[in-house]
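Trainee: The C-terminal residue of the sequence shown carries number 344 in the working numbering, and the numbering is unbroken.
In case anyone wonders, no lab produced these hints; they're calculated from the structure. Glycine residues also receive a C-beta, built at the ideal position from the N, C-alpha and C atoms. Where hints are given, some of them may not hold.
Said to hold, decoys possible - Each pair of labels, with its calculated beta carbon distance range:
1. Ile306 with Met228: 54 to 60 angstroms
2. Phe239 with Leu307: 41 to 47 angstroms
3. Met188 with Trp95: 43 to 49 angstroms
4. Met228 with Glu49: 24 to 30 angstroms
5. Tyr139 with Gln107: 44 to 50 angstroms
6. Leu66 with Ser299: 49 to 55 angstroms
7. Pro35 with Trp187: 32 to 38 angstroms
8. Ile137 with Asp106: 40 to 46 angstroms
9. Leu21 with Arg118: 15 to 21 angstroms
10. Tyr216 with Met188: 23 to 29 angstroms
11. Val283 with Leu66: 36 to 42 angstroms
12. Met188 with Gly47: 36 to 42 angstroms
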Amino acid sequence: MDRVIQMVRQIPPISRSWLGLAIVVSILNSNNILPTLKFTFLPGRIGVEPWRILVLFCYFGPLSLLLIINLINIRDAMSALESGFVNDESVLPEWMTRDLDELLRDQLNAQFERHRVRDFAYFLGQMATTITLEVYIIYRLFGFTGPSLVFLGPILHDSIVYTWGKTYPEAEMFLLLVPLRAKYTYWMLEFIHFLISPGFFEVVRAYKVGFLTGLYKLFTYPSTVKVMVVVLVAHFWWFMRSFITESMYNDTKTASRRNWKNAYNEIAPGMSTRNVYCRIVQVVLTPPWYWLISRSIRSQQRIRAILAARMTELEAEVNVEANAEANAEAITHGEGGTGDIADD
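Please model the entire structure based on the sequences and the hints provided.
Mentor: Structure below.
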């Protein structure tokens with residue numbers, strides 16, 4: 001029992017909470033305490049039953065082998081993603097970090113470490129919100145209501161597995177006791193799921209009718225649509241964090257690059273912040289609490305600048321007074337020397 005408790009404690013908090021909720025929901029569903037209909041995505045019921053927004057992402061079906069596989073994937077893939085998740089200056093708007101000295105940057109990095117769990121929950125919420133909006137749009141435009149799209153928990157699970165595979169492509173996961181690289185895990189899971197689903201035989205029968213018929217059946221099958229949703233959502237957020245923020249506008253990795261950027265801003269003020277697209281991405285990626293943290297840090301920066309300017313003024317006044325006293329002493333000594341010569 002102690003080993004089980006220790007193993008559970010080793011799972012990061014967000015992953016552990018999601019695992020616990022998924023197990024509780026599955027037990028309630030398997031014992032007919034909560035019907036499956038309560039966990040389906042019904043746009044018309046969201047306003048009446050807002051609690052569905054949370055429960056929708058915690059349902060992976062009744063107690064079964066598929067549930068166990070999903071829980072293992074959450075434990076491995078999501079735990080690894082959460083453990084290595086930490087924000088940095090690249091996700092913040094440039095004005096939040098501009099001209100910060102090393103001491104204040106250290107304070108900001110300490111805040112990143114302090115809010116890691118909260119930041120990951122915010123990232124997960126962004127992904128879940130995007131999934132909900134995308135499925136809602138598909139529902140309104142095309143009317144896809146198959147089981148692959150009405151249960152949002154597996155979609156979020158697959159998005160996490162896809163993101164983990166893109167973030168740590170060389171990591172290994174055991175799939176049915178077979179070691180598999182992380183970058184292939186999502187695609188292999190979907191391929192196996194497709195082979196054992198009724199849709200595989202439907203696509204084969206459609207191909208016998210004609211190539212275009214089979215192709216249409218393949219790309220309009222609900223499981224294929226779910227794959228498109230997962231890839232679009234997961235790849236979007238992974239690309240935003242891993243490339244847009246770090247490659248396009250993260251020019252503050254070293255002190256020398258910061259100095260060059262400050263010099264550029266003095267020569268051409270505002271030129272580096274005219275990319276509206278990047279600024280929108282920065283605002284979207286920035287968790288709301290960093291606006292308050294940034295305000296506090298920049299207030300410290302202003303106070304330190306005022307104190308530094310005041311200290312400079314005081315030093316200048318002290319130097320002026322010291323110079324005046326030195327000059328007065330020199331004049332006094334000079335007059336005393338002249339009087340002695342006259343007496344002689």
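Trainee: None of the hints should be skipped; say for each whether it holds.
Mentor: Going through the hints against the structure:
no. : hint                                   : in the structure
1   : Ile306 with Met228: 54 to 60 angstroms : holds (55 angstroms)
2   : Phe239 with Leu307: 41 to 47 angstroms : holds (43 angstroms)
3   : Met188 with Trp95: 43 to 49 angstroms  : holds (44 angstroms)
4   : Met228 with Glu49: 24 to 30 angstroms  : holds (28 angstroms)
5   : Tyr139 with Gln107: 44 to 50 angstroms : holds (46 angstroms)
6   : Leu66 with Ser299: 49 to 55 angstroms  : holds (52 angstroms)
7   : Pro35 with Trp187: 32 to 38 angstroms  : holds (33 angstroms)
8   : Ile137 with Asp106: 40 to 46 angstroms : holds (44 angstroms)
9   : Leu21 with Arg118: 15 to 21 angstroms  : holds (18 angstroms)
10  : Tyr216 with Met188: 23 to 29 angstroms : holds (25 angstroms)
11  : Val283 with Leu66: 36 to 42 angstroms  : holds (39 angstroms)
12  : Met188 with Gly47: 36 to 42 angstroms  : holds (39 angstroms)
Checked against the numbered hints above, the structure violates none of them.
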